[in-house]
Amino acid sequence: MQHLVGGISSAGRAVPPLGPQSFYVDRAQGPHLWADDGRRYIDTALGFGAVLIGHADPGVNEAVHQAMARGSMPAFAHHGEETAAAALTAACGPLSQAIFLNSGSEAVHLACRIVRAATGRPTIVKMAAGFDGWFDPMAFGNAGSPEARIGNSARPVRDGVALLRFNDLGDAERLFAERDDIAAIIFEPLLANAGCIAAAPGYLEALQQMARRHGILTIADEVLMGFRTRCGLASHGMGLDPDLATVGKAIGNGFAVAAVVGRPDLMAAAADGRAVRAGTYCGNPVATAAVSATLDILSKADYTALAARGDRLRAALSTAFAAEGIPASTAGLGMVFTPWFAPEPPATYETAAALARQALSLDWHFALRREGVMTMPQAFGRIYLSFAHDEAVIDAMVEAIRRAVRTLAGHRAPDR
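According to the working numbering, the sequence shown is numbered sequentially starting from 88.
Keep in mind that the hints were calculated from the coordinates and are not lab data.
The model shown is predicted, which means the values in this text are computed figures rather than measured ones.
We put the CB at the ideal spot given by N, CA and C, even for glycine.
Take these hints with a grain of salt, some might be off.
Simulated restraints on C-beta separations [to be verified]: (1) 92 to 391: 37 to 45 Å; (2) 367 to 246: 22 to 30 Å; (3) 292 to 361: 29 to 37 Å; (4) 181 to 221: 23 to 31 Å; (5) 221 to 260: 24 to 32 Å; (6) 126 to 361: 52 to 60 Å; (7) 125 to 103: 39 to 47 Å; (8) 181 to 146: 28 to 36 Å; (9) 412 to 103: 20 to 28 Å; (10) 170 to 389: 37 to 45 Å; (11) 302 to 457: 19 to 27 Å.
Let's have the full structure, built from the sequences with the hints guiding it.
Shown next, in the form of structure tokens:
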């Protein structure tokens, strides 16, 4: 690769070579992908969670092909936008209006503009180690950054963004007492990019109530979790009622699309120009056709069965490691989880950062890759499942995990 910087367009795409040949994807179908050397793998990265139905789903692809045949990039409005918006908001309860964008980072960027315009206040609160996109300033405090590990140090604040300690209601009380310029707090149902750290029971509900008492809006960042656990917002399934939400990834089954959904009184800030919105490709016919087709399929999908298959896989992973005397656990849900080389998964980012062992995670990645399962090679990497990962695929994954664990146990001491 001489012309593409680093051989990749996004840092997350980097995959370490296994042997002399670098890894490049040739094609993907259903739960599988094929490398350019012809080898087939069960895919657990799934476009970093963007593919939920399965790669190259025929129904989604056909809808996109029809849209392309009519012209993929008109400058002006088209009926496909409203059709997709109606399908999306029908699953989002009182968040009955939508604006389409091209990526989750763009959606978060616009949501922050909207709440600032609606409230007249400049500050956004985000979770330390939460991932709300890679745009400045919302990338401040992302997992892996120095600011994410707040500990007992002073609260990091930069460019209108203040960090909050996740799972710490006392810290929220202190923050709300410190500042009267907070427009909104943005939260994820699960800190996926920090190793699938779950919210403590009742934490997000109490945080939302506290924010409401202080007149602070709430944004559910569901770019990763939206429509993944149910055909709708994960936050609604948890009993929350955010004022706005950002969605993406799963709503397009791999096509580049995201959206902000919100209450009409707040979305009015974008409609009347107080919150500026633009974007050449936003709401294009290809993206909106993918959304409409994907949501139609997801509305009939069996999420309970998918979660059960994932839970079976998680249990098999823990059992395989236990059989070799290696402490291991998983954090997350059936359809998205992170393996941890520890008896219990972390409840805080500080614990997660201390437990992360990149060398061991890389050995685990290589062991599975040799068995035909492709995973994210990072210590905080996630295992995603799609609806195309049926029982037969899970059976194959369980056997691959057992063999990979035996290989790992034979080549590396458990405490390393």
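Okay, the hints, checked on the actual structure:
no. : hint                   : in the structure
1   : 92 to 391: 37 to 45 Å  : 44 Å, holds
2   : 367 to 246: 22 to 30 Å : 26 Å, holds
3   : 292 to 361: 29 to 37 Å : 30 Å, holds
4   : 181 to 221: 23 to 31 Å : 30 Å, holds
5   : 221 to 260: 24 to 32 Å : 30 Å, holds
6   : 126 to 361: 52 to 60 Å : 53 Å, holds
7   : 125 to 103: 39 to 47 Å : 20 Å, violated
8   : 181 to 146: 28 to 36 Å : 29 Å, holds
9   : 412 to 103: 20 to 28 Å : 27 Å, holds
10  : 170 to 389: 37 to 45 Å : 25 Å, violated
11  : 302 to 457: 19 to 27 Å : 55 Å, violated
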